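> Chains as they are written, first to last, in our numbering: chain A, 1 to 224; chain B, 1 to 224.
I should point out that these hints are in silico values taken from the structure, not numbers from a laboratory. A hint or two may mislead.
Since the list gives no way to pick one copy over another, a pair counts as held whenever it fits inside one copy or between any two copies.
List of simulated lysine to aspartate or glutamate pairs, EDC-like, C-alpha gap at most 20 Å [stated by the list, open to error]:
hint : residue 1 : residue 2
1    : K132      : D143
2    : K58       : D164
3    : K58       : E71
Fair warning: this is a prediction, and the values are worked out from it, not measured in the lab.
Protein chains: 2
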Amino acid sequence: MTQTNTLPLPTITAFERSPDRGRGLARDSRVRWALEEVGQAYDVRLVSFAAMKQPAHKALHPFGQIPTYEENGLTLFESGAIVLHIAERHAGLLSGDANARARAIAWMFAALNTVEPPIIERTMAMLFEHDKPWYAERLTLLDERVHARLGELSSRLGDADWLDGEFSAGDLLMVTVLRRLESSGLLANYPTLSAYIARAVARPAYQRAFAAQLAVFTEKAVGG
Amino acid sequence: MTQTNTLPLPTITAFERSPDRGRGLARDSRVRWALEEVGQAYDVRLVSFAAMKQPAHKALHPFGQIPTYEENGLTLFESGAIVLHIAERHAGLLSGDANARARAIAWMFAALNTVEPPIIERTMAMLFEHDKPWYAERLTLLDERVHARLGELSSRLGDADWLDGEFSAGDLLMVTVLRRLESSGLLANYPTLSAYIARAVARPAYQRAFAAQLAVFTEKAVGG
Chain A
1 MTQTNTLPLP TITAFERSPD RGRGLARDSR VRWALEEVGQ AYDVRLVSFA
51 AMKQPAHKAL HPFGQIPTYE ENGLTLFESG AIVLHIAERH AGLLSGDANA
101 RARAIAWMFA ALNTVEPPII ERTMAMLFEH DKPWYAERLT LLDERVHARL
151 GELSSRLGDA DWLDGEFSAG DLLMVTVLRR LESSGLLANY PTLSAYIARA
201 VARPAYQRAF AAQLAVFTEK AVGG
Chain B
1 MTQTNTLPLP TITAFERSPD RGRGLARDSR VRWALEEVGQ AYDVRLVSFA
51 AMKQPAHKAL HPFGQIPTYE ENGLTLFESG AIVLHIAERH AGLLSGDANA
101 RARAIAWMFA ALNTVEPPII ERTMAMLFEH DKPWYAERLT LLDERVHARL
151 GELSSRLGDA DWLDGEFSAG DLLMVTVLRR LESSGLLANY PTLSAYIARA
201 VARPAYQRAF AAQLAVFTEK AVGG
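So that you can see chain A by itself, here it is in the shape it has in the complex (with noise of 0.2 Å):
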């Protein structure tokens, strides 16, 4: 990767401590992959849980979370706003087109708003709900809407490589929605969804972020 000016690198937020072990699941992710398909280089500051609440962090995100993104005067926040801005100021992640390019858009709303939220939700249940009496029954229905939404999107693919047309931040966005998935069982009936994870996961810029994220736990890790 070569920087071919001299302004400042873009700076991104992201855990100190990963909350997921080193599996990439932290929303940074999706910044430092879109960062590399385009390109750029970029520099990262490690907030810690404590710090993303206080005030310092709240003035670049108001909801105290990562990733932001700063650079020249403009800060951000929410990772599908990031990955749009770096998408339509480099080539690499939307269309040309200017249909392509707002179908790919609708795509990265898709992930986020439609198949995101039921695996959330399922996530969080885990996470809080586990000892609970009601779980089991609940984890069912959780089960059920995030099924309902997997078969209408493997329905969509079908034995395409990408959502539409060539690999675009809409693609970028779903794969990282769909691998909070890998380790329910749930992704099992779809062959055709994990076959494209696979494909996206295997793109050399998301190998290189996913490294780069890994290497925030590994260090800290072996740092003690």
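Once you've looked at the hints, dock chain B against the given chain A.
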């Protein structure tokens, strides 16, 4: 509203019967409002709940929902993507300043990926778990999550009229999300947010959009 060209109007889809009895919460309201803000006339095609799940509609919307948006060979789904598409092609919903525009888009994603999911989860629990023995305990938990978001949003808004400078597509989506809580009582703690919603729904474009959506319900109710 004046049409200045002879192209066919964009066509959106909306529910044939209002699931909220005309309260204006169905997602076509976002698209109607955006179109009214920018002064773009549109056609509406009403679809039944059964028809939404049929192949003809799923060809337009992979998840079998509304709204969709069709114009000149382009078909879009996802209300967020449709609102962004409209905002990019007309003045009035995104700033001409590149940084302000990017920040408004961050608020669009925040509305749909950070604020809406816990609100929808709460609504789903009210619809599908109200007769379960665990309902009261879960509702408390869900209310806490919604309150966390509302508190952060209220703090960021402060005494400003809108989330970032002028009214934008970010405010439009955020207000439609917050309106889902109007009957919950949860907004009572946040006079700042209640005033924000009131300011938005007083806009003539919102009023026209609401009236157009309500007319579908009213006419259906009268008709049978």
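> Against this structure, judge whether each hint is valid.
Quick rundown of the hints versus the structure:
1. K132 to D143: both (17 Å within a copy, 18 Å between copies)
2. K58 to D164: between (36 Å within a copy, 15 Å between copies)
3. K58 to E71: within (17 Å within a copy, 40 Å between copies)
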